[in-house]
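Chemist: Each chain, letter by letter, is given below.
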Amino acid sequence: MQKKLLIFLITCLFILSILLGGCTNLQNKTVTTAKRYPDKPITFIVPFGVGGGTDLVARLLEKTAPVHLGQPLVIINKPGASGTLGWNELASANPDGYTIGITGTELLLQPLYGPAKYHYPTALEPLAQIVSLSMVMAVQSGQPWQTVDDLIAYAREHPGEIKYGHTGVGGLGHVAGEAFAKTANIHLEQVPFQSGAEATASLLGGHVHVVFLNPASIKEHMKSGMVRVLAVSGEQRLTDSVYTSVPTFKEQGLNVVYDNWYAVAAPKGLPLEVKNKLVDGLKTMINDPEFQKKIEQLGLQVNYLGPKESEERWLSDSEKLSKTVQETGILDKIKEQKK
Amino acid sequence: MDIFNMLLQGFLVSIIPGNLLACTIGVIIGTLVGVLPGIDTVSAIALLLPFSYGMDSTAALIMFAGIYYGSKYGGSTTSILINVPGEAASVVTCLDGYPMAQKGRAGAALSVSAIGSFVAGSIGIIGLTLLAPPLAQAALAFGPPEYFSISLVGLIFLSKLTGTSTLKSALMAAVGVMLSTVGLDSLSGISRFSFGIDELDRGFDLSILAMGMFGIGEILTTMTQLNTKTNIPSINFKDLYPTKEEWRRSIVPMFRGGIVGFLVGLLPGPAATISSYLSYALEKRCSKNPNEFGCGAIEGVAGPESANNSAISATMIPLLSLGLPFCGATAILLSGFMIHGITPGPGLITEQPALFWGLIASMYIGNVLLLIINLPLIGVFVQLLKTPLNILMPLVAALTLTGAYSINNSILDLMWIVIFGILGFLLRRTGFEPSPLIIGLVLGSGLERGLTQGLIICNGSILAMITRPISAIILSLGALALFYSVAKWISRINCAGKKANC
Numbered sequence: 001m002q003k004k005l006l007i008f009l010i011t012c013l014f015i016l017s018i019l020l021g022g023c024t025n026l027q028n029k030t031v032t033t034a035k036r037y038p039d040k041p042i043t044f045i046v047p048f049g050v051g052g053g054t055d056l057v058a059r060l061l062e063k064t065a066p067v068h069l070g071q072p073l074v075i076i077n078k079p080g081a082s083g084t085l086g087w088n089e090l091a092s093a094n095p096d097g098y099t100i101g102i103t104g105t106e107l108l109l110q111p112l113y114g115p116a117k118y119h120y121p122t123a124l125e126p127l128a129q130i131v132s133l134s135m136v137m138a139v140q141s142g143q144p145w146q147t148v149d150d151l152i153a154y155a156r157e158h159p160g161e162i163k164y165g166h167t168g169v170g171g172l173g174h175v176a177g178e179a180f181a182k183t184a185n186i187h188l189e190q191v192p193f194q195s196g197a198e199a200t201a202s203l204l205g206g207h208v209h210v211v212f213l214n215p216a217s218i219k220e221h222m223k224s225g226m227v228r229v230l231a232v233s234g235e236q237r238l239t240d241s242v243y244t245s246v247p248t249f250k251e252q253g254l255n256v257v258y259d260n261w262y263a264v265a266a267p268k269g270l271p272l273e274v275k276n277k278l279v280d281g282l283k284t285m286i287n288d289p290e291f292q293k294k295i296e297q298l299g300l301q302v303n304y305l306g307p308k309e310s311e312e313r314w315l316s317d318s319e320k321l322s323k324t325v326q327e328t329g330i331l332d333k334i335k336e337q338k339k
Numbered sequence: 001m002d003i004f005n006m007l008l009q010g011f012l013v014s015i016i017p018g019n020l021l022a023c024t025i026g027v028i029i030g031t032l033v034g035v036l037p038g039i040d041t042v043s044a045i046a047l048l049l050p051f052s053y054g055m056d057s058t059a060a061l062i063m064f065a066g067i068y069y070g071s072k073y074g075g076s077t078t079s080i081l082i083n084v085p086g087e088a089a090s091v092v093t094c095l096d097g098y099p100m101a102q103k104g105r106a107g108a109a110l111s112v113s114a115i116g117s118f119v120a121g122s123i124g125i126i127g128l129t130l131l132a133p134p135l136a137q138a139a140l141a142f143g144p145p146e147y148f149s150i151s152l153v154g155l156i157f158l159s160k161l162t163g164t165s166t167l168k169s170a171l172m173a174a175v176g177v178m179l180s181t182v183g184l185d186s187l188s189g190i191s192r193f194s195f196g197i198d199e200l201d202r203g204f205d206l207s208i209l210a211m212g213m214f215g216i217g218e219i220l221t222t223m224t225q226l227n228t229k230t231n232i233p234s235i236n237f238k239d240l241y242p243t244k245e246e247w248r249r250s251i252v253p254m255f256r257g258g259i260v261g262f263l264v265g266l267l268p269g270p271a272a273t274i275s276s277y278l279s280y281a282l283e284k285r286c287s288k289n290p291n292e293f294g295c296g297a298i299e300g301v302a303g304p305e306s307a308n309n310s311a312i313s314a315t316m317i318p319l320l321s322l323g324l325p326f327c328g329a330t331a332i333l334l335s336g337f338m339i340h341g342i343t344p345g346p347g348l349i350t351e352q353p354a355l356f357w358g359l360i361a362s363m364y365i366g367n368v369l370l371l372i373i374n375l376p377l378i379g380v381f382v383q384l385l386k387t388p389l390n391i392l393m394p395l396v397a398a399l400t401l402t403g404a405y406s407i408n409n410s411i412l413d414l415m416w417i418v419i420f421g422i423l424g425f426l427l428r429r430t431g432f433e434p435s436p437l438i439i440g441l442v443l444g445s446g447l448e449r450g451l452t453q454g455l456i457i458c459n460g461s462i463l464a465m466i467t468r469p470i471s472a473i474i475l476s477l478g479a480l481a482l483f484y485s486v487a488k489w490i491s492r493i494n495c496a497g498k499k500a501n502c
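Each protein sequence line maps, in turn, to chains A and B.
Position 103 (the first sequence) corresponds to 103 in our numbering; numbering is contiguous.
Position 341 (the second sequence) corresponds to 341 in our numbering; numbering is contiguous.
No lab work stands behind these hints: they were computed from the structure.
All C-beta atoms, glycine included, are put in the ideal place defined by N, C-alpha and C.
Each hint should be verified, as a subset may be incorrect.
[Unchecked claim] Only some residues are given here: those of chain A computed to face chain B with a beta carbon under 7 angstroms: (1) Lys78; (2) Leu85; (3) His207; (4) Leu298.
[As the list claims (entries may be wrong)] Computed spacing ranges between beta-carbons, pair by pair: (5) Asn409/B to Gly70/A: 21 to 31 angstroms; (6) Gly379/B to Gly225/A: 52 to 62 angstroms; (7) Asp198/B to Thr147/A: 37 to 47 angstroms.
Please take these sequences and the hints and turn them into a complete structure.
Modeler: Right, dumping it as structure tokens:
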């Protein structure tokens with residue numbers, strides 16, 4: 001009997017010591033880890049599939065991370081549901097700086113269409129904007145349209161005949177396409193595709209007449225003269241030598257300005273010390289000329305913004321996109337389907 | 001002659017020791033990826049991308065391509081030996097490969113699939129060398145309405161592969177199509193049948209379904225039969241290789257499979273999987289004794305295993321000459337290229353001839369290397385059968401689950417693979433063959449997307465859709481074949497009726 005009691009007491013003592021030890025350790029941990037940060041690899045969530053634009057940019061960051069952040073990045077792809085699955089994971093992660101991820105314009109668009117698990121623009125905080133890129137409007141080079149005006153004139157004469165391809169309902173290509181049609185007061189039919197590659201294939205085969213895509217998807221086809229890009233959706237022209245001759249929508253008298261961007265973000269509430277280390281590290285990584293050259297080879301454009309400027313941009317873009325999806329009727333269409 | 005000169009130059013590039021080494025490493029990793037069930041080509045390449053950063057770009061591309069085409073070589077190994085497909089593209093190989101192994105012809109099945117892979121891989125690469133740009137252009141003529149027609153005809157003909165009842169097969173295919181509708185709808189952007197579970201928005205992954213139904217399902221089946229141990233006949237050395245008769249029967253299917261696979265590979269979708277189904281169906285129709293299929297017909301191994309390899313070479317055509325990846329594995333290959341600063345596209349052949357032809361030449365070399373690596377391994381793999389199943393199967397289960405997790409890094413996927421495993425086990429117990437379900441899932445999404453996109457393109461007129469030239473040809477061929485089958489069926493009933501009357 002005594003023996004049993006003794007064992008019981010010892011066990012209790014043991015558990016208690018573990019509990020106490022665990023607690024004290026935990027309390028000290030946040031302080032020491034913030035100082036020693038980073039002392040283990042950093043998980044980097046890419047909310048899209050392997051091989052996409054965000055994935056490629058993430059992998060370029062991965063290349064130089066050990067030098068500038070002191071630890072390697074471990075890229076984890078969490079594709080699905082227009083990025084929301086990955087961002088849910090990111091938003092729910094512990095804000096200790098060991099889980100960060102890449103974000104894109106869909107971050108602002110998705111919450112507009114319906115209740116998401118998190119309100120991403122506030123549940124996440126940007127650390128750095130990496131690239132900013134406009135959408136391009138391209139047609140097959142065999143088509144007679146040389147300018148946006150030609151296309152508009154044709155669409156007015158043949159209503160409903162022109163179909164445009166994009167890479168997902170409610171995505172930026174769709175938004176830009178609808179906004180263009182509305183500004184030009186014409187009607188275009190939309191055809192959603194699974195990827196930029198599928199949309200490009202359909203354009204080259206003549207199954208759709210126009211595509212709204214990111215410039216990287218069709219750079220090679222533009223270079224070889226298979227497609228003609230009629231307009232760029234940015235405030236300014238693209239700097240890539242292939243695209244410098246292409247005017248913006250604005251130059252052609254249409255107020256269609258939508259830029260996509262990729263930014264690195266973390267769950268809100270990082271310790272200041274950790275945040276500063278990440279922000280500084282990312283800043284040197286993104287402004288590294290070698291990195292910029294690689295990004296340009298992908299057909300993208302580096303446009304670094306610090307955490308503050310990125311946050312401002314999130315807010316202003318969010319407002320603008322919310323207005324556009326209401327005015328173009330995209331929101332109504334999606335809401336109607338959801339009923 | 002120009003092409004031969006270029007190719008010769010390519011060989012000079014690819015036999016530089018560094019490149020040759022990269023090619024060897026690539027095909028060895030590829031073979032491993034193929035042999036290990038559950039480990040997916042896409043996740044394997046993604047995992048290895050960081051290791052290539054320090055490599056010369058040509059060597060890195062040669063290595064990635066090696067992993068890609070090498071993985072389809074090994075896929076058949078576990079299908080044949082333990083009825084667990086190593087890749088989704090080797091599901092069909094289980095149908096006849098495993099019965100062959102049970103008869104003690106595992107070695108023959110493995111050799112035929114290795115040699116078939118080599119023959120068809122070579123057909124694919126020769127096609128890639130000679131015809132890449134024109135074929136890529138031809139593939140563009142296929143738009144959404146054509147994909148719809150192909151999927152429709154495909155569903156009708158590929159759903160009944162095994163000898164069980166047509167009704168059961170059709171039912172399974174229909175369930176497969178239903179499963180393909182789960183997830184985010186591409187036309188409206190809303191999620192369907194996800195019951196509020198976010199992760200279901202992604203839909204069901206082909207690999208998860210195949211690994212579950214066939215891999216876990218088979219493991220469960222073996223678990224329930226623990227007592228029927230070791231009916232595996234001991235294998236002599238000469239039994240490792242096919243007999244003359246087996247050779248004679250598999251040569252034609254190899255070439256047929258090679259050509260079928262090559263054509264399928266030009267179009268979007270999981271070409272390797274579709275081509276293996278198509279080749280199996282074709283072999284069954286061409287065979288003089290179709291009843292043997294499902295009980296260990298060597299044609300049923302030779303055809304599909306050849307087809308998936310030439311499909312792989314063909315998927316490189318749109319990738320290299322148009323820069324358009326048409327399936328998941330070529331998409332990751334494309335990102336491997338882009339990270340090394342090379343953008344495949346119409347300009348690649350003229351701008352970087354050394355790289356392009358070096359890569360093609362390395363595929364010839366890699367294919368020979370794969371044959372050299374795989375043939376001696378057959379003896380080793382066959383020895384695996386001596387491992388007690390209660391040791392082998394848990395290992396296979398662990399590997400399958402690990403591989404399944406690596407596809408989307410999702411715990412929910414692991415749950416699904418187990419659910420599908422139990423489902424697959426029960427289905428087979430009740431006489432339903434799960435392979436039509438896989439083809440339903442593969443073609444279902446193409447069918448739906450082709451229809452919705454095609455209808456928008458054709459201004460909502462289904463008539464305009466089915467009268468587009470290519471679409472009309474595909475559909476009428478399908479209708480003819482269907483008519484022929486029905487006529488045969490009716491005449492058989494009539495004959496039976498007459499006999500009864502007499």
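Chemist: Go through the hint on Leu85/A and say holds or violated, using the shortest Cβ distance to chain B against 7 angstroms.
Modeler: Holds: closest Cβ of chain B sits about 6 angstroms from Leu85/A, inside 7 angstroms.
Chemist: Does the closest beta carbon of chain B sit nearer than 7 angstroms to the beta carbon of Leu298/A?
Modeler: holds (6 angstroms)
Chemist: Could one say that the CB atoms of Asp198/B and Thr147/A fall in the range 37 to 47 angstroms?
Modeler: holds (44 angstroms)
Chemist: Within 52 to 62 angstroms: is that where the Cβ-Cβ distance between Gly379/B and Gly225/A falls?
Modeler: This hint holds: roughly 55 angstroms between Cβ atoms.
Chemist: Indicate whether the distance between the beta carbons of Asn409/B and Gly70/A respects the range 21 to 31 angstroms.
Modeler: holds (24 angstroms)
Chemist: Should the interface hint for Lys78/A be scored as holding, given a Cβ-Cβ cut-off of 7 angstroms against chain B?
Modeler: Where the cut-off is 7 angstroms and the nearest Cβ of chain B is about 6 angstroms from Lys78/A, the hint holds.
Chemist: Return the status of the interface hint for His207/A: holds when the least beta-carbon distance to chain B is below 7 angstroms, violated otherwise.
Modeler: holds (3 angstroms)
In summary, this structure violates none of the numbered hints.
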